[in-house]
Structure formats: structure tokens, C-alpha cells
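Protein sequences appear in the order of chains W and R. Letter 310 of the first sequence, counting from 1, is numbered 310 in our numbering, and no numbers are missing. Letter 152 of the second sequence, counting from 1, is numbered 10152 in our numbering, and no numbers are missing.
Since the hints were made in silico from the structure, they are not lab data. A few of these clues could be false.
Mimicking DSS-like on lysine-lysine, the simulated pairs with C-alpha atoms at most 30 Å apart in a straight line are [what the hints assert, rightly or not]:
1) W:Lys886 / R:Lys10079
2) W:Lys21 / W:Lys541
3) W:Lys873 / R:Lys10259
4) W:Lys518 / R:Lys10259
5) R:Lys10003 / W:Lys505
6) W:Lys453 / W:Lys358
7) R:Lys10079 / W:Lys837
8) W:Lys96 / W:Lys1034
9) W:Lys541 / R:Lys10259
10) R:Lys10210 / R:Lys10388
11) W:Lys830 / R:Lys10079
12) W:Lys886 / W:Lys295
13) W:Lys837 / W:Lys182
14) W:Lys182 / W:Lys830
Just so you know, these numbers come straight off a predicted model, no measurement behind them.
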Amino acid sequence: ATYAQQISINVKETSLQQVFKKLRKQSGYNFLYDSDMLSDAHPVSLNLNHATLDDVLKACFAGQPLTYVINQNTVIVRPRPVPVADAAQDVIVKGKVVDDKGLPLPGVSIKIKGTNTGAVTDLSGNYTVKLPTGNETLVFSFIGYAPQEIAVAGRTQLDVTLKEAQSALNEVVVVGYGTQRKSDVNGAISSVSANTLKDQAGANLGTALEGKTPGVQITQNSGAPGSTPQVRIRGLTSINNSDPLYVVDGIPLASNDINIVDPENIESIDILKDASAQAIYGSRGANGVVLVKTKRGNKDNPLITLSTYQGISNVRKTLDMLDAQDYVKLNTEAYNNAGQNNPFGDPSQYTQTTDWQKQLFRTGYAHNYSVAISGGSDKMTYRVTGGNLDQTGIMQGSYYNRLNVSNNLTFNLKPNLEFGESIALNRTKNSNVDNNGNLVNAAFAEDPTIPVKLANGNYSATKFSDIINPLATINYLINNHPYNVWGLLGNIYLQYKPIKGLTLKTSYSTDLKFSDDKQFTPTYDVAPNFRNTNPSVYEQKDNATNWTWDNTINYDFNINKDHHFTVLAGVSMERFTYNYIHGYDQGQPGNDPYLQYLDAGISNQQVGGSQQQWDLLSYIGRLNYNYQSKYYLTATIRRDGSSKFGVNDRYGNFPSAAVGWNATNESFFPKNNALTYLKFRGSWGIVGNQAPVGYYDYSAVIYNNYYALGNPASAVPTAEPGGLPNPNLKWEQDKQWNAGFDYQLFNGRFTGSFDYYKKTTKDMLLSLNILSESGFTQSPRENAGSMQNSGVEFSADYNQQLGSDLKINAGIHFATIKNKVLDLLQNGEKIYSGGFKPGNFELTEVGHSAASFYGYVADGIFQTPQDVTNHAKQQTGTAPGDIRFKDLNGDGVINQDDQTFLGSPIPKLTYGFNIGASYKNFDFAAYFSGVYGNKVAAAYEYYTYGFFVSNYNMQTDALNRWTGPGTSNFMPRLIASDPNNNSRPSTFYLQSGSYLRLQNVTLGYTFPRSLLTKIGIKSIRVYCAAQNLLTFTKYKGYDPEVGTGTNGNGGTLDLGVDQGSYPQSRTITAGANLSF
Amino acid sequence: CKKFLDETPTSHLSTSSYYQTSDDAVRAVTDAYRYMKDQAYGGYSPSSFGDIMADDANKGGGGASDQSLIQDLKIFVAKADNGYVYNAWRDNFKGIYLANLVLQKVPAINMDAKLKTQVLGEAQWLRAYFYLQLVRLFGRVPLIKAPIDNGDYNVPQSPEADVLAFIEADANAAITSLPDKSSQAASDLGRATKGAAQALLLEVYMWEKKWTQAQQIGDAIITTGGYSLTADVTKNWTVAGEFGSESIFEVNCENIPGKGTGNLLDLFDAPRNTWGYGFVVPSQSLVNEFEKGDPRLKATVITNNEVLPDGTIANTTVSETGYWNMKYWLPVNEIPTNNGGGTGDGPTNDRVYQLAQVMLWTAEAAFHNGDIAHATTLVNQIRDRARKSGGNTDNSILPDYGTVTLDNIYHEMRVETALGEHRRWYELIRTGRAAALLPNFTVGKNEHIPIPLTEIQLSGGVLQQNPGY
């Protein structure tokens, strides 16, 4: 399109908005305006042929209270300034307004503060304004930019740089199957921009989101490179599965593995938190939906961006363990107290101490390189990227490597026809370090008297306990156990706009994930409990091949100018196919790396494999309506049919409705108020969770067994049902209420929102113990059980330009959560979780928070034999020095009836805050996050406090053990065999899990443009950042942030039990971004 | 698009699509036999109740704490939460469920009528067998006559008489449906026959003291069943002696790698100082029961320093009683090795019904019916065969009885089948001798084991605990 383009238009009494749309189609020019502004415009009638755009615009704006400026390909509409009165004007002020890149800004409104008079900048950004005195204050404002007020103070030349507004009202947010203006959204959606996610070395998406947005709790399960954190949106929705649904550019990720996306390619993240927003995802929406939008090309000149960062990581904290002499001394004492012989001999012979934590941990490095090339023309845009992250973890043997290649193309085939595609390929490789025993616990407990390796180079082993040298485990097992994943995310779409406002779109996506898990077990002989004489290979290959086909119609129209409708209807088909094959054999001829394959094995060959598939057929509909941008209504429905559900419940409907009221658009709302935006929202809806439903859970399968027949006998196959079918099986259901408001103060200087929500999960899947007269001891999974979450979320962000060089921002947010189990179908049904060596630490029971800590109450130490006899009977061997447990029911015996609820691992409050500033070319940002009010079980203390005395090493705290009356009222005596069962789950292990962490702090410098343009470079930014720099907590273990664990069963209900998982590292990064 | 959502479970057939062919029917009924096996000690263990809880065996194993819950049963302190009690309940009801499933599904299958009759007959026989175990151990139990499809699992107990009547009906039906021994294919050895159904009915009649019917059915088996006593009773209990001429029903067990078709008792009962765990060791009381020179002693009990058939010399010093169990002893070359099967896969069949036991029951019934002569003849046939067994040439041992007494019959029954058929407990209860012979036995209580606690709790009180527990 050119300025002199020939335009033909024939309209009658048509609103300017409609005319603009026609003009846009013909000319390719975009129109930038505030729709509120157009409400004062009158409709126009035009009949022009082969006119220039300028002519047409002049005709449109004739007599309107509006005027326009053309800037490149954009027509900027703004109110026509009221002519300045010709009173005594003494002072003329001139100047130029530019953006932060130095480009002139045409159409900027300049008003004399307190009046309606002023001026507008011309095409070159120049303005002239006449002032009565020359001491007035000028207000510079422009859509999309932060307004500035500058006191003239006698100057006659006033050049101004406007910065793009942080204010999000006009930002577009991604909602399911479409986008909406932020101010039109009635649901609870949290948005995070790429800017917030940058500068974090090696981070995956979850890590980068930690502490960034209210109501989204991210907890690290492991600090191992490449590990995936636990993400909970508005708490634990289900006892079965509470992981959110990830949708990348409209593709619901079947694998739910967000690591598939290179964080460098992310443009924005929108998190759907209430039913109004989630219902469009129906039976998969209940745990929240994370919508990820990746960057696409634009019509600008080619832009080449190179980025790199280099990071160094170290362990943040280690525990103080006993040295060799004390180790021998205390373990000897434990043996002697139990009346057993000390196996160590003379303590003085143990002269050297190995610090196993020091041996286990090392300095980790991260190297990241990425390149992106984007650009395009009116007909086509493109973006091509490549990236490589190479990371070694702080634990020996751990690493992560990620390679990404992606491209996307958009073709504007005709003015109303668009075609696009995208392909993102990635490969990750990691060490599987979390799946090979608990190395941290081994490092705690390992015998400090032995070296890592013997003089002959062999790994050493302790004679005194069953602990396996963790470095030997790493060398023989972890170093031979790579885990490779290949992923492909591909999409093609065609979009057609036959008439104004109507968009037809068809989109086909595929999400492929191939993984290879290969464990070679070499021969080794480290200790009697760690030897292998026959090499073996186990290899498993998994293929997940999924496709999605969406067809949608979107119609955007007005009735009169007051009623604005957007209607969406669509149908979606998805098929998820998963298959795997695995093989095992033994007898590889030695440990030669070229022979670590199945074909090299000779004996005990075993194979297995299967395929599973499920399908989803969905109908979606959504209506958005607003009246004069004052009253809003959103109604959504999704009808999901899933092959996972029983034949009697194959389809489910997931409706939601939401209303909004933008009070600021009411005529009675006071203008010139500090409160510049206030919108109230309320929503209700029902969404589902089908993640816990297995592919064929509704059916009961037949298993083959064998019975011998004949003489001599041969095995004949027999058939036995593995369970009972449940043809009524369906999704878990979540009914949600949400009420809240969004606000802005001082023209967007303060923005934020508040929400209250209550969601009730019904039909949670449970398998119940049943009478074995049925032929089975467990019922098929049934939709039973109910749980409730409620809380409030609040956020406030502040940003301000102070003078032309300094800009500051700050934000705070918090969320509360209250979880309560309402029903588990059977009275007294108990679901135990949080297992560690002495038993289960957590119990889910009606009336309490899910997975609450449950156990005994430790009440000091018995000091004298009288103390023991005066107290309720604990154990036969109970003696002074043992922990006294409270006799809660007062029956004189300490038994299981004296256990009680001891607190919840779910924080009462999660919060975060950030501060940032830029001064001239420097930028600074710091993000803090924290939780409050939860308990953490230091379960690793079972190994480090001398309870499980198989000659494990202990923390130096054990030096303060009870050795006689008055010596300690906390640390029990040391005694092998633990006759009092001091190690039972009790408050002894429980500590406060509250913490505040400086998650990320970044200092950056952007080189001045004047230096760079000469050498053809657009921009260079260098920065250094630190992650996990400071943590304020009372917790005594490595890290109070304890996820669902990687060493236990790692289920949804295994919360906050610190079993000694891979700790999070402290990382310092230096990086540079270059674009030209 | 409607078809788009129809998925079929992969890798395994589902219950909704199974039970369509004759092959499905046969596989379904065959599965239930597996629950007759002694699943020491993760499941139902007939030897724990039949041998140990009676006076034929001590628990054995690795000391008092090794499977101490069995010891609790033996000394009559077992409570309702005893795991073996639960296992017995659970596994027999599992067998009943599998039989009921066959009886529900197979009639609708379009298949060979003769085969269908046989499959249904086997299912009725199996259901009767499992109910007989339950009613004798627990007394009043719920009568589940069909698979429960609607979730209403909470069925109250029926009186013992009703359960026994139900068993009789099933056994009678099985007698008419099942093929007799002569028409059973060799490849079907291990399935129930008409003779097995008659023997089961005989056992029920004995329990019910229906002596007339018992003698009638016993004589029918003896005269027209096609069974005959083997020449050497001591060979009956070896692997080579399986499915001999007097075998009426055996649970077929074989060491076939990877198929789980073996017998765990071979491992559990074998001497602890060889390859086994040394459970179910013969009691002194049992050893004392054998008359001097009875060849059956050596076929039942291993004594110290005895030279065993494979040439090894027995060491019984670590046994709880000083004896090992010979009935599940294997020569070295028959011990299963870990060739993909596992050492728990022993080859020894569990003998359930043999002609000798049938003859002795018939003798007892005849005795009660006043037919002493017939009783005497039957018992003397057993003694005569024993006298000529095990290479014995001394004709003075085991002299014929002139006129048998009830005690003579009880004695003969004990020494003939001890530790093999796991029946001693039920014989003592049936004949009212338990109180006299078993220390700590409380009359009015220990005739039954308790109803499992978890079942009572799950039933919310619908299931009633047995008296005394």
C-alpha cells in the first residue's frame, strides 16, 4: 500500500469504526484509536472513487471532533484540540516529541494542565504551543505511551521522550481459542510478559514463573538441571492430579511437558485461573491453563538477534556433619547403649575425614547461545530461531542439554486470506540423576572415615553400614543412564475473513514426543550390596504422537454502536497416541562403550511394549458482549466427549458465565479522579479434570495366567479379570466462583487486581476398599470425594517516569489458600501419603487440609526413670533420654490413637514482590518470592540424627544429644535399635516452611544507539544476574522449598517431606543480547 | 464422528469383549483352579489350617517370629485381624467369583454343547469346593450365587445349613455334567471329573453326618468310578506317582519357566538346611501315630540321618520338631532352579481326592450305618496295600483288623493321608475330637476361625463375628 493508493468507498451513515475497517482492508493502513473516543463521532456518508487515502480521510473527518495523523502505515486518530483562545498570549513554546528509540512521534497531545487547550505534534513530532505565562505545566499524552507532565518553567524549547506505557488495559491477552483486550476480560487471568522471564540462566518456564504472579505456586521438586517443578494454580484441585494444562500457540500439550518450549521464544504467558477463563478447555481446565504464545515475525526489516549467557552455579548450603573421630565416638555410644559391641575398634585409628557433601557437589556451568532472525513484508513474515543450552549441575554426574530449532511463517495470500505454519523441534538430554537412589542422603550418612577411592583407584565402601558410596553410584549407574527426548510441535492454519468481522479458521497441530531411556549396568564390585557381575542393558523407547484439529468461526459485530458482540463457535478433534517398547538383556561382553547395546547381550532377553490411545471430540462456544464498554457479559460452553469416559458418561458439558462492570465508563463516575479505571468482575462455572482418568479405566481388562494341565503337564493360558469395570466413570468436576476487580490509579501509574475465589472439586476419583466377597479387594475407580479451595489474590504494580532518565517500577502480589477435604465417600476413609522410612507422615481425611502432617507430638526428653514411669507407657525399652510423646487421649498408653494432625504442607500465604529501575542506559530488576504458614518435615533427619543407627554419619547437632539428666530436652539419646521408636513420624521432624527468597536480581546496560548505528548494530545489552542469592528462613535443611519429591513415590499428595532431594543451586550469570 | 471416540483397551482384552468363544469359556473356568493351590503364605494356605492348626504339624520355619501369625492360629490366640484368616476368606471368595463369572457368561456363548456342559460343571464343582473350604473354616458365610455387578457387595451371612445345601446342589449338578475318568483326555488331567464331584459330595455328606448318602456315594465311586488302589502307597506322593490309578483329583502343578504354574509348598515345606524354608514340619504326635514298621511313616516324615531316595543324608537338627516333611520333599535333580521360573515353582501336585481317602470315609459311614463288615473290609484293603508298600517284606506289620472300631478308622485315615491332603483339622472338627487332642482349644469358639476384621468393618456390621471372637 502506498500513500497515493486509489481507494473506492461507498457508505451511507456508517460509523467511523466501520469505515476505518474498510479503509484498512483496501489500503493496508492500520488505524489506531481509542474506541471511547469514537463515541462522540457522527456517522459518515461517502461516495468516492479512485481517491487517495488522504482525500478519503479528509472527507471522513470533516466536521468531526476528531483529527488524524499518518505515521508510516498507521493512521492515528485523536481528539481535535479545542482552538486556543486568542487571549493575551505572550509565550510560545516549541519542541519535539520522540519515542525511546529516538523516532519522532506524530499526533501526541499536548495540553496545558488544568485546561482543554493545547496542541498536537506534526509528522516530524514537532509542536508549537502558546502559553499565557510560560510557567504552566504541559501534559504530554499519546495512546500506548505513559503520559508525562513537565513544568515549562520559562523555557521556550522543550523536547520530550515518551516511553511506552506499561499500562496493560489495551494489551491483548490470549484467551482460549482467541485473544481479547485486557479491559474486556471478565475472567481471572494473570499475564506475564517475556520481559519478566528473561535473564534466568538455564531456567525452564516453571522456574522463571516462580513468584511472578498471584495464585500460581511453583515449587521445585529438584534442583537438577532440566527438572520440572510442580505448578499449582489456585491450590490442590484434586488428590489425584493437579497439574495445569499447557497450551502453546493453541496446541494443548498432551505430554504436558513445558520443557518442549525454548524460553527464549516466549512472547507472553497467560494463566487462566477461574472458570470463566478455563471453561473453554472443558474437561481439562480445572487445574488451570497456562497459555504460552511464542514470538512470530513482523513486517519490519530483517532483525537478527544473538543472545548468550554464561552461568556459574554452586550449592547454597550444606549441613554440618560429624568428622571421623566423632562419627566413631557417637556410633560406638549408640551401640554401647544398646548393649551391643562396638565394631569400630580403637577410635584413634580414624584420622582422616571425608566431607561427602563436598565430594558430591561441584561448581556447575551453564552456556546458552541462541539466534533469531525475523522479518517480512506485507505478503509474508518469518521468524527462524536456533538455540543450545548446555548445563552441568552442581551434583557430580548431572547435566542437561537442550537444542532447539524453530521457524514460523505467515503468508497474507490475499487481503482476507492468511496462511501460517510453525515447527519447533527440540532435543533434550539429561542425566536422570533423580532416578538413581537418593544421593544426598547417601552423602549425609556415608562413613566419613573412608576415602572416596582407595589407593588402587577402586571406589571405597564402608564396612559399617549399608550406605553405598554416592560417587560410585554416579560413576557406575548415573553416568550410564542418559535420558533423551525429542519433541516436535508443528502447526498449520488457514484463516479466511469473507466479510467484515467474520473470521473462519482451521488449524491442524501435532505434538510429538519421542524419548529414549537407556540404562547400561556395567560390572562393578564396590561392596557386597553394590556389586554386579553380569552386565545388562535396559532400554525403553516411548512415542507420544498426538494431533489436534480445530475449526472455529469468530464473528465480531455491533448492533447500533452500543452493543458489541463477539461470538465464537468451533469444533475440535484431538487424538493422543502413546506407545512404548522396551527390552532387556544381560551378558554384554565387558564395559566397552561400543558394546552397551541390547544386541551385545546374550542371555535373559525380555521384551515388552504396548500402545494406548484416547480421543477427545469437543464443541466450543463463547459469547462476549458489552454495552458501551460499561457492562460486560461472557458466556462459555464446551462439550467434551472423551474416549476415556465410561460409555454411560461419554459427554460432559462445561458451562461458565461472567459479568463485568466498568464503573469508570459511567457518566456519573467522577473524572479527574485519582481512580482512572475500575472494573468489577464476577464469574461462575464448571470445569473438569480428566487427567486422573486412565485411557481405559472404565473397563476391566482380562489378564492371562497359566494353569498346568496333563501329565506331563504343559501350561495352558487362563483368563482372569483384573478388576471390575465402571461404565459410569467420568471426569472430576470443579465448580468455581470468582469475584474481583481490576483498578488503575493515576493514569495507570498504579495498576492491579483483586480476586476472591471458591472452588469445589466433586467426583474426585477414588478407589475404595471393598468386601472381598465381590471377588476383589478394591473397587474400580469411582467418582467419589470432594474437596474445596478458597482464597484471595491481590496484586499492585507501580511504575513511574521520574524526569527523562529515571524510571522506576515496583510490584507486589499475594495469594491466600485454604484447602479442605469435604468428602471421601466412605466414612473414616484415610489416604496416607508422604511416606518416609519410619512410615507415612501425611493423612488426607475429611475435614482437614489434604495431605496434612499426621503423627505424634514430641514433648521433650525423659530425663529420669521416674519421668518414664510417671508417663503413659510408650515402649518396653523406653528409658531416660528417649523422646516423650504426648498421651493425647489420656489412656495411659502411647499408641496409634495418640497421633494427631500436626499442620499442613500447603502454605497459607504465597507472595512475591519486585522492584526495578532504569537510569539512562542502565536497568535493574529484583524479584522476591516467599511462602508463609506451612510446615516442612525434615525427613532426612531420620538418617542424620542417629535414629536409624546402622552406623550412619550424623549432623553435628547430635553432639548435643541427651547423655544424662539435664543434658538435652530435644536431642534424644543415641541407641542402636531405637527401642522407643524415637524415629516415628512426629513433631520432632516438623519445622516452619516459611521463607522469603531473592529469586532473581539483574543489572543490565544497553549501549547508546549513537555508538552503534555507525557499525550497523541496532542494540547491544549486557547484563549480569543472580538467582537464588538470598533466602530468609528458619528451616534447617538445604532448602525450605520442598516439592512432591523425587525419591519417594512423588505423588500429588507427597507434599513438603524433605527426603534430601537435589538442592537448588545459587547461580550467577553474565549475558549479552545483540541485535542488528 | 460418533465412532471417533470408540477406543478399545489395548494389549489386554476387556471383560466387556471377552466371553465370546469356547476358548474364552475354557480359559475362564481354568483360571479358578489356580485358587485351589496352597499359596503359602501370601494367600490362602490349606496346609496352615489343615495340618498346622491340627496336631499333624508344627509351624516350623525360621523360629518363633517367622510367620508368627500361623503360630497364633495353632495356639488359638489368633484374632480377627490375622492375615491368614483374611487370605483364606479373600481367596476362596475369589475362586467363587471366578466360578460365578463362568456360570453367568458361558451359557450365552455359542459353542459345542458338550464342552459347554463340562465347563459349567467344572464351575459348579469349583464353586462347591471353595464354599466347602469357607463353611468349614468360618461357619456362616455370605452366599454369593452370581457376580455382583451393581456394587451391592454387602451380603449378609447365610446359615451353615443353607451353605451346605448350596454346595450339595452344586456338587450334584457337577456329577451329572462332568465326564467320568475314563472319558477324560490325558491333556485335561488337572480338571475335575465326575469322580471328583462325587468325592466332593461324599466329603460334604461326611461333614453333615449324612451317613446313608455318604456310604451310597462312596460305594459308587469305589465300584463304578474306575479307580483302583496303586500297588505301593509310598510312591503315591512322589512326582512320578501323580495321576496314578487311585487319583481322583489333583491340583496340577508343574515347574514351567515363567508361567507361575508351580507349587510353592515344595519350597516352603522343604528342609530348611537344603533349599527350602522348613515349614509344616511333622509333629511328634503324628510320628507316634504310625504303627511299628508302617512303610507310610517314611513316606511322610524325614528323620535325622535318614538316607533319602536321592542318596543325600537328612539333617533335621534345625527343625522345630526334629522332623522334616516328606510329602513335599524333592530329590536334588527335581528342585526347580531359577531358570526364569523361580524357585517357588515346585512340581508337586496338591492331592485333593484319592481313592484311599474315599474308601476310609465310606468305611466310616458304613460303620455308622451299622455295616461293620463292609467297614472292616475297606480298612483292611488299605492296610494290606500299605503292608506291601515301600519294599516291605515283613508280613507281620499292620495286621488286618477282625472288626474295626471307629478309632481304627480314624487312625488309618490319619496315617494314610497326613500332610498330603491337608485334611486333619476338618476331620478333628467333624468328629468332635479337637478339644481332646488340641491344647488350648475352646469348645464353642475354636470350631471356627474369626470372620476377618476388615470385612466386618467394611460391611458396617452386616457381617456378624463368630462366637468368642
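Against the structure, the hints come out as follows:
The hinted pair formed by W:Lys886 and R:Lys10079 meets the criterion: a straight-line CA distance of about 29 Å does not exceed 30 Å. Between W:Lys21 and W:Lys541 the CA atoms are separated by roughly 53 Å; this puts the pair beyond 30 Å, and the hint is violated. The suggested pairing of W:Lys873 with R:Lys10259 is violated, with an alpha-carbon distance near 50 Å, which exceeds 30 Å. Restraint check for W:Lys518 and R:Lys10259: the C-alpha separation of about 28 Å stays at or below 30 Å, so the hint holds.
Using a Cα cut-off of 30 Å, the hinted pair R:Lys10003 and W:Lys505 holds, with the two alpha carbons roughly 25 Å apart. A C-alpha spacing of about 14 Å is found between W:Lys453 and W:Lys358, which places the hinted pair at or below 30 Å, so the restraint holds. With a C-alpha separation of about 28 Å, the suggested pairing of R:Lys10079 with W:Lys837 holds against the 30 Å cut-off. The suggested pairing of W:Lys96 with W:Lys1034 is violated, with an alpha-carbon distance near 56 Å, which exceeds 30 Å.
With a C-alpha separation of about 26 Å, the suggested pair W:Lys541 and R:Lys10259 falls inside the 30 Å cut-off, and the hint holds. Of the supplied pair hints, the one linking R:Lys10210 and R:Lys10388 is violated, its CA atoms being roughly 33 Å apart against a limit of 30 Å. For the hint pairing W:Lys830 with R:Lys10079, the CA-to-CA distance comes to about 23 Å; that is within 30 Å, so the pair holds. At most 30 Å may separate the alpha-carbon atoms for a hinted pair to count; W:Lys886 and W:Lys295 exceed this at roughly 60 Å.
For the hint pairing W:Lys837 with W:Lys182, the CA-to-CA distance comes to about 50 Å; that exceeds 30 Å, so the pair is violated. The suggested pairing of W:Lys182 with W:Lys830 is violated, with an alpha-carbon distance near 44 Å, which exceeds 30 Å.
In the structure shown, a violation is registered for the earlier hints numbered 2, 3, 8, 10, 12, 13 and 14, in ascending order.
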